[in-house]
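A.B. asks: Construct all of the structure, not just a fragment, from the sequences and the given hints.
Next come the chains, spelled out residue by residue.
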Amino acid sequence: MKQLMLGNAAVARGLYEAGCCVISSYPGTPSTEITEEAVKYPEIYCEWAPNEKVAMESAFGASLAGKRSFCAMKHVGLNVAADPLYTMAYTGVNAGMVIGVADDPGMHSSQNEQDSRHYARAAKVPMLEPSDSAEALEFARLAYELSERFDTPVLLKMCTRIAHSQSVVETSPRTEAETKPYEKNIQKYVMMPGNAIRRHPFVEERTRKLQQWAETAPINRVEPGRNHEIGIITSSTSYQYVKEVFGDTVSVLKLGMTNPLPVKLIGDFARKVEKLVVVEELDPIIENHCKALGLAVSGKDVLPIEGEFSQNLIAAKLGGTIHTGRAIEDTIPPRPPVMCAGCPHRGLFYTLSKNKCTVLGDIGCYTLGAVAPLAAMDMTLCMGASISAVHGFNKARGAESEGKTVAVIGDSTFMHSGMTGLANIAYNQSNSTVIILDNSITGMTGHQQNPTTGYNIKGDPAGRIDLEALCRAMGFNRVRVVDPYDLKACDAAVKEELAASEPSVIISRRPCALLKYVKHNPPLTVDTAKCVGCKSCMKIGCPAISIREGKAHVDATLCVGCGVCEQLCGVKAFG
Amino acid sequence: METKNIMIVGVGGQGSLLASKLLGHLLMEQGYDVKVSEVHGMSQRGGSVVTYVRYGDKVSSPVIDKGEADYIVSFELLEAARWLSYLKPDGQIVTSTQQIDPMPVITGAASYPENLVEKMRSTGAKVDVLDCLALAEEAGSAKAVNIVLMGRLSHYFDLPDEAWQKSLEAMVPPKFLELNKKAFELGKNA
Numbered sequence: 288m289k290q291l292m293l294g295n296a297a298v299a300r301g302l303y304e305a306g307c308c309v310i311s312s313y314p315g316t317p318s319t320e321i322t323e324e325a326v327k328y329p330e331i332y333c334e335w336a337p338n339e340k341v342a343m344e345s346a347f348g349a350s351l352a353g354k355r356s357f358c359a360m361k362h363v364g365l366n367v368a369a370d371p372l373y374t375m376a377y378t379g380v381n382a383g384m385v386i387g388v389a390d391d392p393g394m395h396s397s398q399n400e401q402d403s404r405h406y407a408r409a410a411k412v413p414m415l416e417p418s419d420s421a422e423a424l425e426f427a428r429l430a431y432e433l434s435e436r437f438d439t440p441v442l443l444k445m446c447t448r449i450a451h452s453q454s455v456v457e458t459s460p461r462t463e464a465e466t467k468p469y470e471k472n473i474q475k476y477v478m479m480p481g482n483a484i485r486r487h488p489f490v491e492e493r494t495r496k497l498q499q500w501a502e503t504a505p506i507n508r509v510e511p512g513r514n515h516e517i518g519i520i521t522s523s524t525s526y527q528y529v530k531e532v533f534g535d536t537v538s539v540l541k542l543g544m545t546n547p548l549p550v551k552l553i554g555d556f557a558r559k560v561e562k563l564v565v566v567e568e569l570d571p572i573i574e575n576h577c578k579a580l581g582l583a584v585s586g587k588d589v590l591p592i593e594g595e596f597s598q599n600l601i602a603a604k605l606g607g608t609i610h611t612g613r614a615i616e617d618t619i620p621p622r623p624p625v626m627c628a629g630c631p632h633r634g635l636f637y638t639l640s641k642n643k644c645t646v647l648g649d650i651g652c653y654t655l656g657a658v659a660p661l662a663a664m665d666m667t668l669c670m671g672a673s674i675s676a677v678h679g680f681n682k683a684r685g686a687e688s689e690g691k692t693v694a695v696i697g698d699s700t701f702m703h704s705g706m707t708g709l710a711n712i713a714y715n716q717s718n719s720t721v722i723i724l725d726n727s728i729t730g731m732t733g734h735q736q737n738p739t740t741g742y743n744i745k746g747d748p749a750g751r752i753d754l755e756a757l758c759r760a761m762g763f764n765r766v767r768v769v770d771p772y773d774l775k776a777c778d779a780a781v782k783e784e785l786a787a788s789e790p791s792v793i794i795s796r797r798p799c800a801l802l803k804y805v806k807h808n809p810p811l812t813v814d815t816a817k818c819v820g821c822k823s824c825m826k827i828g829c830p831a832i833s834i835r836e837g838k839a840h841v842d843a844t845l846c847v848g849c850g851v852c853e854q855l856c857g858v859k860a861f862g
Numbered sequence: 010m011e012t013k014n015i016m017i018v019g020v021g022g023q024g025s026l027l028a029s030k031l032l033g034h035l036l037m038e039q040g041y042d043v044k045v046s047e048v049h050g051m052s053q054r055g056g057s058v059v060t061y062v063r064y065g066d067k068v069s070s071p072v073i074d075k076g077e078a079d080y081i082v083s084f085e086l087l088e089a090a091r092w093l094s095y096l097k098p099d100g101q102i103v104t105s106t107q108q109i110d111p112m113p114v115i116t117g118a119a120s121y122p123e124n125l126v127e128k129m130r131s132t133g134a135k136v137d138v139l140d141c142l143a144l145a146e147e148a149g150s151a152k153a154v155n156i157v158l159m160g161r162l163s164h165y166f167d168l169p170d171e172a173w174q175k176s177l178e179a180m181v182p183p184k185f186l187e188l189n190k191k192a193f194e195l196g197k198n199a
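These protein sequence lines are chains A and B, in that order. Here the working numbering runs 287 ahead of the position in the first sequence, where the first position is 1. Here the working numbering runs 9 ahead of the position in the second sequence, where the first position is 1.
Since the hints were made in silico from the structure, they are not lab data. A couple of the hints might just be wrong.
[To be verified] Ranges between beta-carbon positions, derived for each pair:
id	chain 1	residue 1	chain 2	residue 2	range
1	B	P182	A	A409	43 to 49 angstroms
2	B	D140	A	P810	53 to 59 angstroms
3	A	N399	B	G65	34 to 40 angstroms
4	A	P810	B	F166	34 to 40 angstroms
5	B	P183	A	A603	46 to 52 angstroms
6	A	A579	B	Y165	49 to 55 angstroms
7	A	C669	B	P182	52 to 58 angstroms
8	B	A118	A	N514	48 to 54 angstroms
9	B	A118	A	K327	18 to 24 angstroms
10	A	A779	B	N198	54 to 60 angstroms
11	A	E432	B	A179	31 to 37 angstroms
12	A	N715	B	P182	52 to 58 angstroms
13	B	A172	A	G554	47 to 53 angstroms
14	A	N399	B	A118	25 to 31 angstroms
[To be verified] DSS-like, lysine-lysine: derived pairs with alpha carbons at most 30 angstroms apart:
id	chain 1	residue 1	chain 2	residue 2
15	A	K289	B	K135
16	B	K75	A	K803
17	B	K190	A	K289
18	A	K643	A	K587
19	A	K806	B	K190
20	A	K604	B	K75
21	A	K745	B	K152
Treat the numbers as computed from the prediction; the structure is a model and nothing was measured. Ideal Cβ placement from N, Cα and C applies to all residues, glycine included.
C.D. replies: Structure (structure tokens):
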């Protein structure tokens, strides 16, 4: 049946049809929906792991046990899982194993725009790159065949525009994959030096075989054009922009597998065209391959390394029809994302801002604490870095920083990679203050459960890690919980724990205001007779509050009655 | 048929997802090749959001670029103005009159431009304006703004009403169907 399907849902469908049995993932935009869609198939066991490394290793365990498995992550998640990836390249698999990784050119929702194709090359594993939902489904199925045929994990690379675009797919029924027998094989699976050194030649030989396969694989295809002046080598979403601009006027070599890259196929294609151009987002990986083959090729000399491509960009750089639009003369103010009205992080960040704290931040909704007017963040690097960095900061500066520097990290991020940093504080004893912003959900990626919430991916009751008990067990004597809607309590907690002469943890706890089970209070109103227009309530950057004719105004459609603004009002104008 | 382009623009959380699902279903049913591109994640948190709907014999790019949109459907005036450069020379804007201050306006760092509809029209753009929020409330829920806009958009499509009704029935949960059908009618007949 033909249907419109999100790229990520199409990957999930492909996994289902291929007989995948076990999926372990960590959420990350734009990869999250693969696992959220896969969980709808009862034949597949799905879970959210605490982080990508755990997810990949769990999927590896399932493959070792003889079942087809999968894990999904965003590009930066693959950094976390790089350790198992590089050595799984040596062990190979038992049943097929596929790793979904989603890049984010243009950084719609990420802290960098690294190119995952480097991992495929560096770890020496094959990578497939679909260019629409139909290919996402087809390539997910193909990835299992390749994984088992060549004894390797396979990377399935998505990007924002493929992951989050719906296009037409045709589905097929599931083919159950046979469970592979588990046989003890120390030489293959125990990667100590004596065994690993014998696996390395296997890896190199496998790459040669995969390259042979790539020369004639149907997913690497030449689409001859009406003229041979320009030949374009491309893949993924770039292929779609090229087709949009040039249709069938130019010759295109469309690569569905971007590691390893074919040699003869590219050489033959190059000889048939007058000018060879590589159109690829981010780094010049295909282009450098062409150069290594001694081909005259154009690519990043005309096209940018940074950001996303589009049809107008391709037309402007390679000679096509450029469309232009009109604009009004006024400057259009930007509309950046903001913490939602009633966000429990707001009260805590206001407290940190008021106390002029140095705030080492982390990855999540609360990174928006860096945005004006709160501007209560000094650093955001990667998952878990807040806690490790506050320790280093305090070791470098000692008493000078200990009394005013904090780490802030969400509950899910803490479970992901904050615990090891906390162990370092407990062990190497810096007088650091760590604030866990516990909103009882993984917020930014759209509400996924995590080990602290007590529910699993299906919303069924699951094991729950007790944050207070965990911190105490790690050796923290000072562990306290505050309600971030209570500004007085937040202020006292921050002041006292910063002043304390030993490390401490503050758990700022209140569920995300967008969670369905959270009951909202009636919206507040402003008594304009009382309001003196002092704008004290504007310091918290709540999207529900604005100034109208010199007085505070609350948007009743946004306000959830959290009451944080009310606590800032000196004339009791809110009611 | 040459590819046609519809952009749905607004503020994160306004309900553009249902609107794009409805259009996707409707256009698939007409036998077109369709692509719908959404933005998830960070951008949803009250930020400017855009959804691209493209249909025709064969759609390649999942996104719409400057000067390519046949229609811009907007939940909010400033967002209509922000994406104006994406409109084709003879393109049509359908926008709600709603205004939502972005954070730089709230903090006083910027101001919300005045008379946006007139200014957009003065560039030669065709702008159809209606108070979708009031109509959605009349239908029974402020959340039905998306379907009011779809009702209005249906004016510009040479498709039988039954086709739209069929897609509404397929995409809207049964318990909200009556409300949304009313919202659709109110938008269409406004």
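A.B. asks: Please verify whether K745/A and K152/B have alpha carbons no more than 30 angstroms apart.
C.D. replies: 27 angstroms, holds
A.B. asks: Take a quick look at whether K75/B and K803/A sit within 30 angstroms of each other, Cα to Cα.
C.D. replies: Between K75/B and K803/A the Cα gap is close to 38 angstroms, so the pair fails against 30 angstroms, i.e. violated.
A.B. asks: Using the Cβ atoms, figure out if E432/A sits within 31 to 37 angstroms of A179/B.
C.D. replies: 35 angstroms, holds
A.B. asks: CA of K289/A to CA of K135/B, is that 30 angstroms or under?
C.D. replies: Roughly 36 angstroms between the alpha carbons, so the hint for K289/A and K135/B is violated.
A.B. asks: State, for the Cβ atoms of P183/B and A603/A, whether the hinted interval 46 to 52 angstroms holds or is violated.
C.D. replies: Taking Cβ atoms as reference, P183/B and A603/A lie about 48 angstroms apart, which means the hint holds.
A.B. asks: Using the beta carbons of A118/B and K327/A, state whether their distance is inside 18 to 24 angstroms or not.
C.D. replies: For K327/A against A118/B, whose Cβ atoms are near 44 angstroms apart, the range 18 to 24 angstroms is violated.
A.B. asks: Is it true that the CA of K806/A sits at most 30 angstroms from the CA of K190/B?
C.D. replies: OK: K806/A and K190/B at ~29 angstroms, within 30 angstroms.
A.B. asks: Could you tell me whether the CB distance from C669/A to P182/B stays inside 52 to 58 angstroms?
C.D. replies: 39 angstroms, violated
A.B. asks: Check the hint pairing K604/A with K75/B against an upper bound of 30 angstroms on the C-alpha distance.
C.D. replies: 15 angstroms, holds
A.B. asks: At the C-beta level, are A579/A and Y165/B separated by a distance inside 49 to 55 angstroms?
C.D. replies: 53 angstroms, holds
A.B. asks: Is the Cα-Cα distance between K643/A and K587/A 30 angstroms or less?
C.D. replies: 45 angstroms, violated
A.B. asks: Within 53 to 59 angstroms: is that where the Cβ-Cβ distance between D140/B and P810/A falls?
C.D. replies: Violated - the Cβ-Cβ distance for D140/B and P810/A, about 21 angstroms, lies outside 53 to 59 angstroms.
In this structure, the earlier hints numbered 2, 7, 9, 15, 16, 18 are contradicted, and the remaining ones agree with it.
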